[in-house]
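**Student:** Build the full structure now, drawing on both the sequences and the hints.
When we follow the UniProt record's numbering, the leftmost residue of the sequence shown carries the number 1, and every step to the right adds one.
Hints may be right or wrong, so weigh each one.
[To be verified] Just the calculated beta-carbon pair ranges, DEER-fashion: (1) 252 with 85: 44 to 52 Å; (2) 308 with 255: 35 to 43 Å; (3) 429 with 348: 20 to 28 Å; (4) 322 with 407: 24 to 32 Å; (5) 234 with 186: 22 to 30 Å.
These are calculated hints, taken from the structure and not from any lab test.
All figures in this text were calculated on a predicted structure; none of them were measured in a lab.
No residue lacks a Cβ here, since even glycine has one placed at the ideal position from N, Cα and C.
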Amino acid sequence: MEQARASAQELAAAHAQLLSGYEGIGGGLSGLSAGYEAVADQSGKLAEGLSGVSGGLNALGDKYPELKEDPAYQETLLAVAGLQQGAVQLGAGLKELNAQLAGVAGGMTQANAGYKQAADGQAALAAGLGELAKGIAELQGGIAQAAAGQGAIVDQIPGVTQGLGELASGQQELQAGFASLNDQLGELTSGLDQSVDGLTQVTDGLASAGGYLQSLAGAPDKELTGWYIPQEAIDDEQFQSSLDVYMSPDRMTAKFDVIFDSNPYSEATMAEIPALEAAVDRALRGTAFEEAVTAIGGVTSMNHDLDTISNADYSRTVVLMLVGITLILIVLFRSIVIPAYVVLSLIVTYYTSLAITELIFVRIFDLSGISWAVPFFGFVLLVALGVDYSIFLMDRFREFRHLEPKQAILEAMKNMGGVIMSAAVILGGTFAAMLPSGVMSLLQIATMVLCGLFLYALVMLPLFIPVMVRVFGEANWWPFMRNDKEAGYSLREKEAFVHSHKE
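**Tutor:** Have a look at this one:
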């Protein structure tokens, strides 16, 4: 009986230890459930962070449409979308697993409660066996009468004791197995905690990346934006080949292509060159390349430079020629008035011829404009030829200075009109030979010179110059006017000359 009582006590103690292990397992399952809940929450935050990153990438693509065509950008967008979907599915799976784990934890709690009742019964059994041993001691005398029957019972007790010992051994093995399971659950819980920390860091990093992309997409000044390029990407062969397109072999010279949305040969496009140069200066100001040498090339820039040079040469040539011709005429005619309206006639002839030339080639033949060389060479030729014809006429007019200005200009035109017209026709034929050349610049210059020659020979010399002579009268020789005696003619000789010409 003492052995049975001892076995019962050992069994009760084993049940108590086993119950403690079961309760530890229940606590581990509860902690595991809490860990799964934390993982599910972090999965939701991860999905939200990935959604923010996806939104930032979409905003960046909207601001830089060319980025949408970048394969790397598209792969990144698809990868972020896949991660977002995976995070959502992971959260849903964890929630379902957590629900099942909660059921297991509830069942374990109920099992622990039942097992606790069994352990309490086992302890009560052990206590009852103790009291029974005491009663047996008191009733030992009575038991002697039932020795035969008790002997049979005693013979069976070793078998019961052995069975109880085997049961206790099995429960100890079960307890050891649950202890190992508890240790593994602890390791799993620790790993889940670490995964929660890692997911938290990933979520924070993705949130930071999303914020950076949002701020990059919403930057008011594109010059403030920038990209980090890893060294392995810089050393990539394809990247280096792309640099060869825009940079020199020594990587000291860079080229940027600027494509205008208008005709590169138009004046409006050429007018954009100074603005482009100013933009380059602003972009380099305050940077490491502030002292770098920059230049703009291409058809538009070449035409702009040519226009600038030709305008400067044209202006300088006009001033020098007009001033030089005026001074020569003043010395030749000993007058300021005559050179003034002669030069005025040349200027009027030039601009009228230029207008007629533009009317023919732009309005009639529908060209975009006349060649840059036409105004320059047209001015040189027309002024040179026109001043020659003017000298022919006005020098003869000076020879008849002793006459009235009206009579003098008529005599000069009678003597020089045929010469001037012949020279204009001959020179006009010479320039007309340039018309079949097919070279647009020569064709336009020839047209302008022909218009100017005949305009000057048919309008300016026979009409404009005589009108000016008649208007100014004796003032044509201002400020170097001389009387007839100083000129070597007497009044009587002057009247006789006039009378003879009238007859």
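**Student:** Confirm or reject each hint.
**Tutor:** Outcome of the hint check:
1. 252 with 85: 44 to 52 Å: holds (48 Å)
2. 308 with 255: 35 to 43 Å: violated (23 Å)
3. 429 with 348: 20 to 28 Å: Cβ of residue 429 to Cβ of residue 348: about 24 Å, so the range 20 to 28 Å holds.
4. 322 with 407: 24 to 32 Å: holds (31 Å)
5. 234 with 186: 22 to 30 Å: violated (48 Å)
The structure shown violates the earlier hints numbered 2 and 5.
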